[in-house]
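These protein sequence lines map, in sequence, to chains A and B. Taking our numbering, the leading residue of the first sequence gets 1, the next gets one more, and so forth. Taking our numbering, the leading residue of the second sequence gets 1, the next gets one more, and so forth.
Just so you know, not all the hints are guaranteed correct.
[Stated by the list, open to error] As a list, the in silico BS3-like pairs of lysine-lysine whose alpha-carbon atoms are at most 30 Å apart:
hint, chain 1, residue 1, chain 2, residue 2
1, A, K54, A, K41
2, B, K65, A, K52
3, A, K41, B, K3
[To be verified] Facing chain A, from chain B, some residues (calculated, C-beta under 8 Å):
hint, residue
4, T7
5, K20
6, A25
7, L29
8, F31
9, G33
10, G40
11, D44
12, E46
13, L47
14, S48
15, M62
16, K65
17, L66
18, N69
19, L79
It is worth saying that the hints were derived from the structure and are not from the lab. We put the beta carbon where it would ideally sit given N, CA and C, even for glycine.
Number of protein chains: 2
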Amino acid sequence: MIKARITVTLKNGVLDPQGKAIEHALSGLGFDGVGQVRQGKVFDVELSESDKGKAEADLKAMCDKLLANTVIENYSVTLT
Amino acid sequence: MIKARITVTLKNGVLDPQGKAIEHALSGLGFDGVGQVRQGKVFDVELSESDKGKAEADLKAMCDKLLANTVIENYSVTLT
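Please build the complete structure, drawing on both the sequences and the hints.
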């Protein structure tokens, strides 16, 4: 069994109102010196595949088809 | 300036309906052999701090106070 972590983040230049809200909330809580905050998603996936190459190809296909919107988001896949 | 990535994931045993929905959607798309899927959140934070120790302590405080619900979620902080 292979375990993988997929991280999906917004591309640079794409507005992130959720991240902005967190920035303001952190300042309000007294954390000074907080610059940009960007929020993304993480998926921990278990695969019954044993071939690492095949697993990685499958995971990339999952991102392209379902997990990420590649117009505005980047993704990275790491096998753990 | 320090850049950090905070990853917040659900603790084991906490139900994750969003992850379950993704499991089913992936099976529906023809991806066989997908086991458990768990969804989490990732925050990319920029700090104007230069002391790494201080930055790490601040980031953990941010998680405890705002970014994670430590009753049901784990978090990890990595400086990038």
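Against the structure, the hints:
Distance check on the hinted pair: A:K54 and A:K41 sit about 23 Å apart at the alpha-carbon level, within 30 Å; holds. Restraint check: the Cα-Cα separation between B:K65 and A:K52 comes to about 39 Å, which exceeds 30 Å; the hinted pair is violated. Between A:K41 and B:K3 the alpha-carbon distance is near 17 Å, which keeps this suggested pair within the 30 Å criterion. Given the 8 Å rule on beta carbons, the hint for B:T7 holds: about 6 Å separates it from the nearest Cβ of chain A.
Interface restraint check: B:K20 against chain A, minimum CB-CB distance 12 Å, threshold 8 Å, status violated. Annotation: B:A25 was flagged as interfacial toward chain A, and the flag holds, the nearest CB pair being 6 Å apart, inside 8 Å. Satisfaction of the interface hint for B:L29 is found here, the shortest Cβ-Cβ separation to chain A being roughly 6 Å, below the 8 Å cut-off. Given hint, B:F31 at the interface with chain A, holds; its Cβ is 6 Å from that chain's nearest Cβ, closer than 8 Å.
Checking B:G33 against chain A by beta carbon gives a least distance of about 4 Å; that is within 8 Å, so the hint holds. At about 4 Å, the closest approach between the beta carbon of B:G40 and any beta carbon in chain A falls short of 8 Å, and the interface hint on this residue holds. At its closest, the beta carbon of B:D44 sits 5 Å from a beta carbon of chain A; the interface hint therefore holds under the 8 Å criterion. A cut of 8 Å between beta carbons decides the hint on B:E46: the least distance to chain A is about 3 Å, and the hint holds.
Interface restraint check: B:L47 against chain A, minimum CB-CB distance 6 Å, threshold 8 Å, status holds. Interface hint status for B:S48: upheld, as the beta-carbon distance to the closest one in chain A is roughly 4 Å, under 8 Å. The interface hint given for B:M62 is met, as the beta carbon of that residue sits about 6 Å from the closest beta carbon of chain A, less than 8 Å. The interface hint given for B:K65 is met, as the beta carbon of that residue sits about 6 Å from the closest beta carbon of chain A, less than 8 Å.
A cut of 8 Å between beta carbons decides the hint on B:L66: the least distance to chain A is about 6 Å, and the hint holds. Hint status for B:N69: violated, given a least beta-carbon distance of 14 Å to chain A, over 8 Å. The beta carbon of B:L79 comes no nearer than 14 Å to any beta carbon in chain A, farther than 8 Å, and the hint placing it at the interface is violated.
In this structure, the earlier hints numbered 2, 5, 18, 19 are contradicted, and the remaining ones agree with it.
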